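J.: Build out the structure end to end from the sequences listed, making use of the hints.
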Amino acid sequence: MERQLDLSSVAARLRVCGIPHEALARSRETDSGQARYWFNEHGRGVPSQLVSKQVVMSDRRDWGDGGDDPEESTQRMIERIWESLTDIRMRMDQQAPVPPVIGEAVPVAPVPPQPGVELAM
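For the sequence shown, UniProt numbering gives the first residue as 1, with consecutive numbering after it.
Bear in mind the hints are in silico, worked out from the structure with no lab data behind them.
Nothing here was measured: the structure is a model prediction, and the numbers come from that model.
Cβ atoms here follow ideal geometry from the backbone N, Cα and C, with glycine treated the same way.
If you anchor each label on the Cβ, the simulated ranges turn out as follows:
id, residue 1, residue 2, range
1, VAL106, SER84, 28 to 38 Å
2, ARG89, GLY116, 51 to 61 Å
3, ASP87, PRO113, 47 to 57 Å
4, GLN95, GLU72, 33 to 43 Å
5, VAL108, SER84, 36 to 46 Å
6, ARG76, VAL98, 34 to 44 Å
7, PRO112, GLU79, 57 to 67 Å
8, LEU85, VAL106, 31 to 41 Å
9, VAL117, LEU85, 54 to 64 Å
10, PRO97, ARG76, 33 to 43 Å
11, PRO97, GLN75, 33 to 43 Å
T.: Structure follows, in structure tokens:
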């Protein structure tokens, strides 16, 4: 069964893993009525007429897929990151367990004497 990924929930998961939201929201384009908005690094929409063609071109090159559909490219990027994180977790789970340490692992410091008690040396 193919599961549809909710972009906001995946973004929240990736933020927990230390991936900033700027990596997810950058260059995402959406239709809102008749205006098109580009999301900047703060997640705020900027009307497309204020975005220079050079910025649009560089943003599309960043996707690596020719920039056909930024939303699909974002989805593929999130899926690849998620697969990588899953692979890392599986490899970590397959590592040999660390053998237990025999004896005391951390040396115990001696308890200092009560004030007024003299020690024989």
